Structure formats: structure tokens, C-alpha cells
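Chains as they are written, first to last, in this note's numbering: chain F, 1 to 290; chain D, 1001 to 1314; chain A, 2001 to 2328.
Source of the hints: derived by calculation from the structure; they are not laboratory data. Computed from a predicted model, the values in this text were never measured in an experiment. C-beta: ideal position from N, C-alpha, C; glycine also. Hints may be right or wrong, so weigh each one.
[Unchecked claim] Label pairs and their calculated CB-CB ranges:
no., chain 1, residue 1, chain 2, residue 2, range
1, F, ARG248, A, SER2087, 21 to 31 Å
2, A, GLU2088, D, LYS1009, 44 to 54 Å
3, A, GLU2088, D, SER1129, 21 to 31 Å
4, A, GLU2038, F, ALA171, 20 to 30 Å
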Amino acid sequence: MIYLISEKIKLLSNSETLKLFLTYKRGVVGLLLLFLIAFLALTADFIAPKRFDEIDPSSRLLPPSIKYFFGTDHLGRDIFSRVVYGARIALWVGLLVVLVEAGIGVPLGLLAGFYGGRIDKFISAITDLIWAFPPIILALAIVTILGPGLTNVVIAVAVVSWAPYTRVVRAKTLSIVSREFIIAARAIGESSLSIMLRYILPNILPPIIVLATLTIPSAILYTTALSFLGFGAQPPTPDWGLMLNEGRDYIFMAPWCCVFPGLFITLTALSFNLLGDALREVLDPKLRYG
Amino acid sequence: MGLLTYIIKKLLIGIPVIFGVTIILFYIMYILPGDPIQLLLSGERVTPERIEELRRAWGLDQPVYVQYFYWLSHIIRGDLGTSIVTRQPVSLLMLQRLPYTLALMLTSILLSYVIGVLTGIITALKRGSLIDSILSTSSIICYSIPGFWFGLVLMLVFAYYLRLFPVSGYEGWNSLILPALSLALPSSAYIMRLIRAEMIEVLSEDYIRTAWAKGLSKRRVLLVHALRNAIIPVVTMFFLDLPWLMGGAVIIETLFALPGMGRLLYVSILKQDYPVVQGIVLIITVLTIVCNTLGDVVIAILDPRIRFERGRGV
Amino acid sequence: MGDFLAKTLLSIRDLRVYYETIRGYVKAVDNANLEIYEGERFCLVGETGCGKSTLALAIPRLLPPNARILSGSIIFKNIDLLKLSDSELEEIRGRDIAVVFQNPMRSLNPVLRVGPQVAEPLVAHFKTTWREALVSAIKQLSRVGIPDPELRSRDYPHAFSGGMKQRAMIAMMTTCKPSLLIADEPTTALDVTIQAQVLKLIRELKDEYGLTLLLITHNFGIVAEMCDRVGVMYAGKLVEIGNVVDIFDLPLHPYTKGLIECVVARRKSKLRLSQIPGAPPSLINPPRGCRFHPRCLYANRRCVSEEPQLIEVSRGHLVACHNYESNR
């Protein structure tokens, strides 16, 4: 199976696809933006002038300057440093959420598409039901039960948004399962699990990758929203949403406390959205000539 | 099958779903950590006998299903319990707040659909032009912006610096504009993209060519023939969007200090006022199911093909 | 049917229509010249992709968005249609020039009822009230052979069968009694049994309303049945035009000959239906000279280098071939 996956990856990264991708200006911008943010996240220790939790009561609420690029917050912490460290959290949390989402959604979609019938109906019904419910409220409910903290927020957001994965995987699985080589594999006596892993999974990878790129932004937006409400990251974590919460009281006298963290949330979400949009058009030939 | 039959079918399915969900809800509340009696008496010092007495009075010593029916019978009569914090009936609290949330949601829907549909049609008609590029890129930016940050920025610029709107709290219709804009931002972007994609597809269909061949005016072809088809998924999306708006209202109302149900939910969670939380979540659940059912019904009215069980068209 | 006595209804001169594609310009119609007389039934024949639909749909300008009309004129009742603005063209479409399309399944708006769709042209062009227009529409539906027209007019298109949909289309397009009816392969997508009925209906309506018919088809059987005059197209060019009798008895162009021999076992001892060897050329880079020369049995050096023009060989019979004399 590793071989099949590597074949698919080779297909995705061959030069023609790459060249086509480069013609999508938005996608390239998104990718560059993402590199920038990832760069910030990775080199945070070197770039950040101060530690993210370094309190300095004498420098409270200072406007942006050469010493403090983005100003300081109500505890005298350097906002630029906090934003840079926050990139780490945002990317990490986004990735985790998507992994959990996919971890729930993909197997469910596989089962629904592969077995069909009542299993399909059951899984689809539950998926639709959870998807229909207001996500923020459901996430709030889960976080209330589990308690505050980033880990629980990751779980809550993932539970609220696995539905697209199940839907996409299910649809793709349905289209593959009727093909002859599956019937042949069954005839030889391959186990269902083996069929799913060896034949179906490699084929559904491209849409899953595109979907992942497109769902990371909403994962970031939801997790920062929950942190903004106080249920997510706890102080002194430099989570961008939490920073907005903390800076809210001082918005009029020190707007930079809120402007910069939120700006970076936007930029991060934007980078993934641009990238995912372009990826989707590149990988789906139908859309290209539309 | 006829339209009426289809609608009745959908409604009948909705009712057991609502029941099922109430059972799940109740069970979740039941297994929540925290003793309701302790919460009720928080701070007061009571004897164990008093606790037992209260437990029996509230029926908390009964088995789960009995408690469920007890609770259900209250719900149906409109009694959603009493707030721990304010000692007022939950239903009263919610009714007081409901108009504000409704006003916010309605304003926001109006904004997002007007902006979304107009820009969607424009970009579909002027596909590939400069204005299409600008609007399309703007829409991607719009749904990347977190609503709560957008609200803060709006507040800063328009309320504080420009003094055009009140900063927070409810002071009349004026107070709804900035919150509604914050709520409408991502929605309008999605609607624009959806309409654009649908219009482009519809405009390439044969029946549009027939409409042109009949010599109908451009306005008629676009509105009566094309938009009528393109809008179908958008209208369906409207009903699925409503629950999302309810959730967004929680954040926006909290941000702008509007006295709506969303803020009530948030505050109640913070204060651990569980009866209120339970009541609001219940109502929202019921509303979600109602919205979904309405969505199914409306799409059947708009698209006659759906009513035929075998699927679309011939 | 005396050609020099009849009035010209439509005159196409030097028409060039190209399609813009990623791979280049598809020269779908190249320098077409054609006259259509009032009251006649004219058939435009050719293989799929030869440009006949493009030529016909260029008249009311109902071409796909990537089509470019590069040059030429289409004179209809003393007006050059190609010079008209969109709103001026609106008045002519549906009222003076009507089109029946090939695929009835997708040509009716699925979310509107049939009655209003048939009534629409009347309201748009003659400013009648909807009530009056619907009454006329029901009458028209009855005229085209739809049973229970009043009931059916309240149906949605998906309740109609293919044949009924096409009849509804015909009703829709003839309510305003147009001067010219363009029918683009109206029966290709229908069952064989329905085809004959629909063709009969078109013939009847033509006589009843005195309209001129421009019929597009790839089927010579239909040509024989339906038409007075024929225009044969190949690879974007008109290669032969003439009376249906002349064309069948004495096809001058090798392509026409081949086409007819494909479907008609001629009296002269042919036992099998023959084929024209080869395939139609790409229209992005068509062959130099005569476009048919790669497949032509009689091709000579002149055919490869020099493009033949349409020449009137006998009264009303035109052909574009260098060797038409030796072909007889």
C-alpha cells in the first residue's frame, strides 16, 4: 500500500501539475503566505525578541515601536513575540483538529460507502444530524462537559466538523466500489479491510488532501473563537484567540492588542483557503475549464 | 407524488427525530458531573436530611426514564425550569431575549443575501473580467476573517473613531448594524460563490438558449429563467445556514453586549446556570430540526423534479 | 418552385464563423454563401461537425459564447442581422425567426410549467395579457397534437415524453407565426417511431402558416422526404447546392455522391452500401486547397493547391469542385 500511495504522490507532484499550479496566482500567494507563517512558527525561538510570557509592568500598553513591533499588552508582554509564538499554536492546533476530524470522518465514510445499506443510512443520518446543529453551540456544549483547555477544544471542534470528510469519502468509495477490480479482489477472497486499505484508500487521498487544506481554516477559526470566549487556551498561552479576549478590554486605548493577533488569524486562514482553492481546481479537471 | 404528500412525509419524520434528540439531550444533562442540588443550594449550609428532602421533592431519586417523562411533561407545558442564578423561569428569560436575537439574525440574513446574490450575479455575468477577479478574491478574504475580530475592528473604526454607531448594548436599530455586518460577512461570501457557480452553470444550459431564441428580454431570461434555477441551492442553504447563525449570534452578542439569547447562553454557561443552558440548547435543537425540515420542503416546492422519488428529470 | 421567380428571404454572404478554443481557432464556417427563398423547404446536410448547425444558429446569433463571427452578412428582409444590436435582435427572435433545437430533453426550463413557457413569446412580442396568451398556448399545444392540452399546460416538462417535449417546443416556436423556422436536427434525439410524426407536424405547420423552413440534418432520408432544395456542407464549406431532385439524380460533388451512395443502393448494380474512406479533417488546420481532397478519389494537383469556389453548373445547381464534369 505504501507503494500505491507513493505512486499517487508522484502523480500529484509531477512537473505538469506543478506548472499548472504555478499559473494560479491565488494559489501561489496562498502558498507563500503559508510559508511565511510556518517560518514564523518554526523560528519563533530565534525571531521573537522576548519570551511570550515575559511580563513587564512598566511597559504596559505601549503602542508599536521599534522595540516592540506590535506594541505591548496589558501585562507589558511584547505582542510581536506572542503573535510569533502563537503561529506555532495555530498551525499545530489546526493540524491536530484536521487529523482528528479525518480520523473520525474517513473511516466512517469508508464504512458507509463500502457496506452501504443500513450501515450507510445510519452513518449518514448521524453525520447529517451533527452537521446540521449549530457548530459553535455544540462545541461549547462539549467543552462545557469536558472542561476548558486547548486539547478539549480540539476534540470539540473535530467532533463538530467531521461531516465533510465522511461525505467526500463515502461518495468516492461508492464510485469505486462497483468497479470490476474490487469485485475481482473479493472473488479472490481478499478481506474487506484489505480491500479498503489497498484499493480504496489510495484513490481517495487526493480529495482528502484538498479537503484538509480547506477545512484547516475553519478549524483555526473555531478554535480561536472558543479561546476568545475563554473556553480554549488558558493564560499565559499565546493563542491568538485568547489574545483577542485579553485585549478586548483595552481595545479603545490600545487597539494593537487586538488588531495584530486577529490579523494573523485572518492571514493564516486566508493562506490555506487560497491554497486549497487552487489545489481543488488543479486536481479536478472538470473545474479547470469551467 | 404530490407536493402535499411530500411535505407531510417530511414532517412525520421530523417528529420522532425531535423526540429522539430530546432523549439524548436529557441523558447528556443527566450524566453531567455536578449535583444539581448542590448547585441549587450553593453556598447554603444544609443538613443531609434537607438534601434528601429536596432530592425527593425534585424527583431526583426516581429512575432515569421517570425523570425524563417528568421533564418532558414540563417542557410540553412550556415550563423549562427555573434559573439557578436569577430564580426566574427559564422560558421567561428566553422570551425576553428572543426578539433581540431574531432582530440580529434577520438583519444579518438580509444583508448577506442582498450582498451575496447581487455580487454573485454580477460576477457570473462578467466572468473573467477585472471586477470578477476583485470580487472573487475579496470573497475568499471575507470568509477567512474571524467574525469576532471583524466585529472588534468595526467597533473600533465606526463606533469609536467615527462615532457612527453605538459601541455596545442595545439602543435601537442602529445598534444592530455593526453586529449584523459581522455575522453576515462569511455568509455573504459563501452565497456569492454559490450563486456565481450556479449561474454560470445554468446560463450554459440548453433551456436558456431556448429562452434567448424566443426573443425574451435580457432581464426576463436572467431573472425568470436563469436565477429561478440557480437560486435553488441557495435557498436550501438558507435553511441550513440559520442554525449556524444562531451559533454565531452567541459570539457576536457577547462581543457587542446585546441582550439576546446567544449572550444569555454564554453567560449561563459561565455561571453554571444549567437549567437555562438546557432550555436554550433544547430550543435550538428543535429549531435546527425544524429548519432542516423546512429546507427539504422548500426545495421540493421550488424544484418539481425532487418530488419524483426516482430522482431528477427523465 | 421556379427559383428565379421566388423572392429571397434570407441571403448569407461570405460568412465566417470561428470558435475560439485553447488549441486555436476552429474554422467552423468558412466563407459560406447561401440564398434561401420564401416559402421553400431548405435542407442543410452534412456529417457531424461540418458546420451546418453553426451556420444555421449564426442567423439568430444563438451561438456558444466562444463563437466569433468574423465577417460576412446575413440579410433577412432587407436587414443585415449581423449589424443588429442585442435588443433589436430580441424583437426578431421568436417572432420572425424561430428555432427548434436538437435535444428536447434539456431545452425546456425544468422549474416552469409548460403552458407559460409556450405562452411567453406571445406576451413578449405582442404584449398580450397572460390570460390571452395562455389560451392561445393551449390551442397551439392542441394543434401540435398534445392530448388534454389544458391539463398538460399546467404540467412541468419532466412529465412530458421526449416526443411531447419536442412538440411543445414546436408549439412554443410557432405561436408567433414566424417567417423563418430553423429546425436543428429536430428528430435526431427521438425514437424512430416519433421521428416521422414530428416531421409530419413540421410539414403541416409549414404549409398552414406559410413559413420558410431551414432544416438541418445528417440524414439523407429526411432530406428526401422533407425538402425542396439542399445544401451540402463539408468541413465548414458549402460544397453543393441544388434541387433535391437534381442532387439525388445527379450529385456533382464527390462527397455528395459518396453520401448518397452510403444510404441509397443505387439502381445501377450496387449491392452493398459504400463508405467514404477516411475521416473529416480537423477544422483548426484544415487541408489546403479543396478540403475534401484527402478523401477524394478524383483529386488531382489542382485540388491540393487551389480551393474550388461555388459555380452554377445548371439552373439552381451549384457545386464547388474542380472536376465536376468528369465526375458525371
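- Against the earlier hints, flag every one the structure doesn't satisfy and list their numbers going up. 1, 4
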